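Could you put the whole structure together from the sequences, leaning on the hints where they help?
Going letter by letter, the sequence shown gives residues 487 to 604 in the working numbering.
Check each hint, because a few of them may be wrong.
Claimed, not checked - Dumping the calculated PhoX-like pairs for lysine-lysine here, alpha-carbon to alpha-carbon at most 20 Å:
(1) K603 to K589
(2) K500 to K514
(3) K570 to K603
(4) K570 to K543
(5) K543 to K500
(6) K543 to K514
Hints in this document: simulated from the structure, not taken from any laboratory. Being a predicted model, the structure only gives us computed values, none of them experimental.
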Amino acid sequence: AVTDAAGRLVALGKDSPRAAPLLEALIKAADGGAVAAMFSLADLYAWGGAVPADQEKSLGYMRAAADAGHAEAQLRLGLHFAQKTADPEAPDLARHYLTAAAKQGSAPAEAYLASLKS
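Structure representation (structure tokens):
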């Protein structure tokens, strides 16, 4: 249901009068602990279009989903932090999230972690 709502929101676009209730429902679900809603909102805010792009909101929802155990969110967040070379905490955060994703069977996370060791 969450991915259906996110898909409908994308199809409608942010200017549709029917978009606001869908966005509110996704936010309510995410606030209630629905991990799929957190991940969907992270994607929506990252890319914009269906909602105004907001990288800070995207990162917040992605981190919430990753911390709740969403493997794809862990992978994406790990890769995000792996590219943040100016942040001194980024390498540790990258390893943390990539390791969590790898433990769930993420082959890309395993490959990236292996590349860090070489």
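Quick rundown of the hints versus the structure:
{"no.": "1", "hint": "K603 to K589", "verdict": "holds (17 Å)"}
{"no.": "2", "hint": "K500 to K514", "verdict": "holds (18 Å)"}
{"no.": "3", "hint": "K570 to K603", "verdict": "holds (18 Å)"}
{"no.": "4", "hint": "K570 to K543", "verdict": "holds (17 Å)"}
{"no.": "5", "hint": "K543 to K500", "verdict": "holds (16 Å)"}
{"no.": "6", "hint": "K543 to K514", "verdict": "holds (15 Å)"}
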